[in-house]
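Order-wise, the sequence lines are chains U and Y.
Residue numbers for the first sequence follow my numbering, so the first one is 1 and each next one is one higher.
Residue numbers for the second sequence follow my numbering, so the first one is 1 and each next one is one higher.
Read the hints as simulated data drawn from the structure, not as lab findings.
One thing to keep in mind: the hints can contain errors.
[Said to hold, decoys possible] With a cut-off of at most 20 angstroms between alpha-carbon atoms, the simulated PhoX-like pairs for lysine-lysine come out as follows:
#1 Lys-132/Y with Lys-25/Y
#2 Lys-135/U with Lys-147/U
#3 Lys-255/U with Lys-168/U
#4 Lys-106/Y with Lys-135/Y
#5 Lys-135/Y with Lys-147/Y
#6 Lys-373/U with Lys-290/U
#7 Lys-53/U with Lys-335/Y
#8 Lys-335/U with Lys-53/Y
#9 Lys-53/U with Lys-373/Y
#10 Lys-132/Y with Lys-106/Y
#11 Lys-373/U with Lys-53/Y
#12 Lys-132/U with Lys-38/U
2 protein chains.
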Amino acid sequence: MQILENGSVTSPRGFTAAAVAAEIKYTGRTDLAIVYSKVPAQAAAVYTLNRFKAAPLRETEENISNGVAQAIVVNSGIANAGMGAEGMRLAREMSDCAAEALDIAKDDVIVASTGVIGMPLPMDRVKAGVQKAAKALYPDGGHDAAKAIMTTDTVCKEMAVQLRIDGKLVTIGAMAKGSGMIHPNMATMLGFITTDVNIDNKALQAAFKANIDDSFNMVSVDGDTSTTDMVAILANGQAGNTLLTEGSPDFPAFKQALREICIEMAQKIAGDGEGATKLVECTVTGAATKEDARLAAKAIIASSLVKTAIYGNDANWGRIACAAGYSGAQFDPDKVNIFIGDVQVAQNGMGLEFDEAKATETLKQKKVNILVKFNIGTEEATAWGCDLTYDYVSINADYRS
Amino acid sequence: MQILENGSVTSPRGFTAAAVAAEIKYTGRTDLAIVYSKVPAQAAAVYTLNRFKAAPLRETEENISNGVAQAIVVNSGIANAGMGAEGMRLAREMSDCAAEALDIAKDDVIVASTGVIGMPLPMDRVKAGVQKAAKALYPDGGHDAAKAIMTTDTVCKEMAVQLRIDGKLVTIGAMAKGSGMIHPNMATMLGFITTDVNIDNKALQAAFKANIDDSFNMVSVDGDTSTTDMVAILANGQAGNTLLTEGSPDFPAFKQALREICIEMAQKIAGDGEGATKLVECTVTGAATKEDARLAAKAIIASSLVKTAIYGNDANWGRIACAAGYSGAQFDPDKVNIFIGDVQVAQNGMGLEFDEAKATETLKQKKVNILVKFNIGTEEATAWGCDLTYDYVSINADYRS
Chain U
1 MQILENGSVT
11 SPRGFTAAAV
21 AAEIKYTGRT
31 DLAIVYSKVP
41 AQAAAVYTLN
51 RFKAAPLRET
61 EENISNGVAQ
71 AIVVNSGIAN
81 AGMGAEGMRL
91 AREMSDCAAE
101 ALDIAKDDVI
111 VASTGVIGMP
121 LPMDRVKAGV
131 QKAAKALYPD
141 GGHDAAKAIM
151 TTDTVCKEMA
161 VQLRIDGKLV
171 TIGAMAKGSG
181 MIHPNMATML
191 GFITTDVNID
201 NKALQAAFKA
211 NIDDSFNMVS
221 VDGDTSTTDM
231 VAILANGQAG
241 NTLLTEGSPD
251 FPAFKQALRE
261 ICIEMAQKIA
271 GDGEGATKLV
281 ECTVTGAATK
291 EDARLAAKAI
301 IASSLVKTAI
311 YGNDANWGRI
321 ACAAGYSGAQ
331 FDPDKVNIFI
341 GDVQVAQNGM
351 GLEFDEAKAT
361 ETLKQKKVNI
371 LVKFNIGTEE
381 ATAWGCDLTY
391 DYVSINADYR
401 S
Chain Y
1 MQILENGSVT
11 SPRGFTAAAV
21 AAEIKYTGRT
31 DLAIVYSKVP
41 AQAAAVYTLN
51 RFKAAPLRET
61 EENISNGVAQ
71 AIVVNSGIAN
81 AGMGAEGMRL
91 AREMSDCAAE
101 ALDIAKDDVI
111 VASTGVIGMP
121 LPMDRVKAGV
131 QKAAKALYPD
141 GGHDAAKAIM
151 TTDTVCKEMA
161 VQLRIDGKLV
171 TIGAMAKGSG
181 MIHPNMATML
191 GFITTDVNID
201 NKALQAAFKA
211 NIDDSFNMVS
221 VDGDTSTTDM
231 VAILANGQAG
241 NTLLTEGSPD
251 FPAFKQALRE
261 ICIEMAQKIA
271 GDGEGATKLV
281 ECTVTGAATK
291 EDARLAAKAI
301 IASSLVKTAI
311 YGNDANWGRI
321 ACAAGYSGAQ
331 FDPDKVNIFI
341 GDVQVAQNGM
351 GLEFDEAKAT
361 ETLKQKKVNI
371 LVKFNIGTEE
381 ATAWGCDLTY
391 DYVSINADYR
401 S
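Given these sequences and hints, build the entire structure.
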């Protein structure tokens with residue numbers, strides 16, 4: 001597998017995109033994007049588990065219940081969340097407008113919004129923007145789209161990878177937005193993956209959902225999951241490979257490539273947390289079950305005490321152990337070993353003498369790795385997050401913007 | 001029920017206490033306390049659910065498995081946690097030393113420690129302190145004890161209430177330590193309740209555990225629960241009332257008084273959070289189950305986004321709704337009403353126009369009340385916490401002390 005330079009959601013064959021400044025809420029920047037496949041594509045999506053599931057997610061879920069979509073329309077600035085039945089109406093109107101402008105089936109649209117909640121979408125501007133974007137689609141439009149969906153992101157998040165499936169070149173592209181911390185307006189985690197692989201829907205769902213569980217769903221910050229989180233994938237078959245099914249010899253290679261791109265994107269999100277200065281990665285190994293490993297890794301990553309310790313360059317193993325201890329994971333406290341980078345800081349559940357200077361140096365890096373070994377099984381999991389800083393408080397104590 | 005002025009753990013009949021400066025870790029202040037009952041008492045305790053259960057808790061659990069105790073010995077400065085088998089040995093030595101110095105049964109001692117983890121207790125100093133305290137017990141020693149157990153607390157937490165049971169005056173006293181946020185060294189939440197009521201162990205357990213669930217266990221901060229949290233109760237019968245059982249006509253009155261004292265103490269803990277400027281109380285009503293109400297109330301209280309909004313005097317209903325949404329509680333998003341103080345900020349899951357100035361004024365108070373109505377049932381729960389401020393980051397990003 002190869003990572004492409006300047007990869008984006010339009011790197012795979014048969015995808016075009018465009019972004020416009022619809023002036024939905026922001027001025028002086030683009031805020032609406034369309035990603036389009038020349039042919040209908042196999043589609044799958046995962047949605048927030050928050051009970052307040054925003055309108056665009058419900059609309060999308062309905063649209064792609066048949067497993068097919070041909071376009072993504074996303075706006076930033078206003079999330080179309082907290083709007084009740086009115087919100088559903090607006091999401092449908094936005095979706096229908098895109099279908100009409102692109103001359104595709106009404107239910108072949110994935111619709112998403114991100115931004116302030118509780119405000120209505122100004123549909124006249126949205127529709128004007130959709131119509132304009134629909135006429136501006138071009139094969140290198142991926143980067144424009146990735147920029148248009150940003151809210152509190154400080155960096156644009158996109159990439160693409162390539163691999164050979166059945167002798168054919170297959171490309172997977174991705175764009176995402178969302179910070180490691182959720183913005184006051186619930187900036188939302190949105191991810192869109194495009195690929196030209198020829199695959200059946202069942203295999204796509206299988207590859208996609210497992211990978212989401214190990215990537216986007218392992219970005220754990222302050223425990224918050226917004227009303228609008230969604231990750232969707234479109235596979236349009238334009239690479240021309242023999243149809244991939246779960247039994248195909250090349251299916252594992254595709255699944256692995258998808259996994260790597262999802263993990264890369266998850267790291268980009270985790271590291272762009274509000275006020276964050278560091279990406280934090282925590283791996284738990286030797287657990288009895290996968291769920292135990294996940295619970296512990298996420299609890300450690302989400303712990304305010306661990307996050308502040310990392311901000312303060314403090315090799316505080318006790319806080320890491322404590323977080324594992326309340327995570328709900330089953331383990332034997334007397335067998336736990338903890339490492340910060342290469343420095344072992346705890347053995348058999350107790351502190352060790354260690355090289356403080358080396359540990360502090362490790363903690364000052366832009367990426368900090370924590371390893372917790374449970375030593376009672378073979379399951380493992382990795383979670384990503386960021387440090388907790390003064391800037392987080394500053395950003396989030398400000399008045400609603 | 002009446003709240004006593006200057007109440008403490010020695011307010012009930014037959015209890016004495018003393019505190020000494022054993023110089024276990026702190027200098028220039030007291031750090032070890034004994035609370036003693038002239039006769040063996042009915043005992044009950046609840047312990048942390050953290051898998052790293054510190055040695056003193058395990059020792060106490062063993063000692064009072066027969067439902068009887070006669071003394072509490074507590075030290076601050078060193079938690080005797082993260083010490084493995086060595087820690088168990090030290091906890092036992094501390095417990096045995098107290099039993100000997102007080103001339104009581106070996107297993108009639110409740111032992112607790114709070115402070116730095118991963119350091120051994122200096123047993124020579126502990127034993128010298130225990131022996132000195134055992135000789136200094138006096139009927140007004142409760143306040144001294146409450147001070148000796150403080151670690152990062154900014155205020156001493158104690159109180160006592162009185163009521164009539166079976167025509168007799170019954171007193172319940174309490175002391176606690178622990179801040180709304182858990183200190184770098186896992187300051188621990190410790191609570192000790194003394195009463196002279198005459199009660200059987202089964203009734204005591206029943207009254208105690210239910211009340212702990214609605215008070216100390218509803219203090220939710222950053223989700224962290226330390227390795228050393230414990231709340232214990234001693235009931236020595238010295239009030240001379242007819243033995244209370246679960247069927248006694250006065251049992252509900254006793255249970256209610258215990259409830260109120262536990263809730264008061266929980267609020268004191270929640271409001272003394274690191275860096276906290278406000279106590280936050282969140283009540284969820286109209287839930288289908290008690291568990292749903294608890295989950296939602298705790299998630300709201302523990303949410304970094306809600307906590308920073310409160311710090312910033314921001315009436316941000318969206319963050320409150322979002323926290324309820326990921327809490328795991330079952331509810332209908334379209335029926336949720338949210339109030340900040342008396343100001344309604346959301347109805348049927350959507351924002352309302354509201355008096356911003358009034359809401360901001362409410363948020364500037366030392367105690368902020370959030371009310372969330374689920375409107376689908378009759379169960380309710382209340383949780384307590386505090387705001388998230390720059391000082392929290394400052395305190396917790398400092399190097400391990």
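Taking the hints in turn, this is what the structure says about them:
With a C-alpha separation of about 17 angstroms, the suggested pairing of Lys-132/Y with Lys-25/Y holds against the 20 angstroms cut-off. Note on Lys-135/U and Lys-147/U: the hinted pairing holds, with a Cα-Cα distance of about 19 angstroms set against a maximum of 20 angstroms. Proposed proximity of Lys-255/U and Lys-168/U is supported: the alpha carbons are some 16 angstroms apart, at most 20 angstroms. Of the pairs offered as hints, the one joining Lys-106/Y and Lys-135/Y holds, with about 18 angstroms between alpha carbons and a cut-off of 20 angstroms not exceeded.
Of the pairs offered as hints, the one joining Lys-135/Y and Lys-147/Y holds, with about 19 angstroms between alpha carbons and a cut-off of 20 angstroms not exceeded. Only pairs whose Cα atoms come within 20 angstroms are accepted, and Lys-373/U paired with Lys-290/U is accepted, the gap being roughly 13 angstroms. With a CA separation close to 14 angstroms, the supplied pair Lys-53/U and Lys-335/Y stays within the 20 angstroms bound. Between the alpha carbons of Lys-335/U and Lys-53/Y the distance comes to roughly 14 angstroms, so the proposed pair stays at or under 20 angstroms and holds.
For the hint linking Lys-53/U to Lys-373/Y, the alpha-carbon distance of about 18 angstroms falls within 20 angstroms, and the restraint holds. With a C-alpha separation of about 18 angstroms, the suggested pair Lys-132/Y and Lys-106/Y falls inside the 20 angstroms cut-off, and the hint holds. For a cut-off of 20 angstroms, the pair hint linking Lys-373/U to Lys-53/Y stands: about 18 angstroms separates their Cα positions. With a C-alpha separation of about 18 angstroms, the suggested pairing of Lys-132/U with Lys-38/U holds against the 20 angstroms cut-off.
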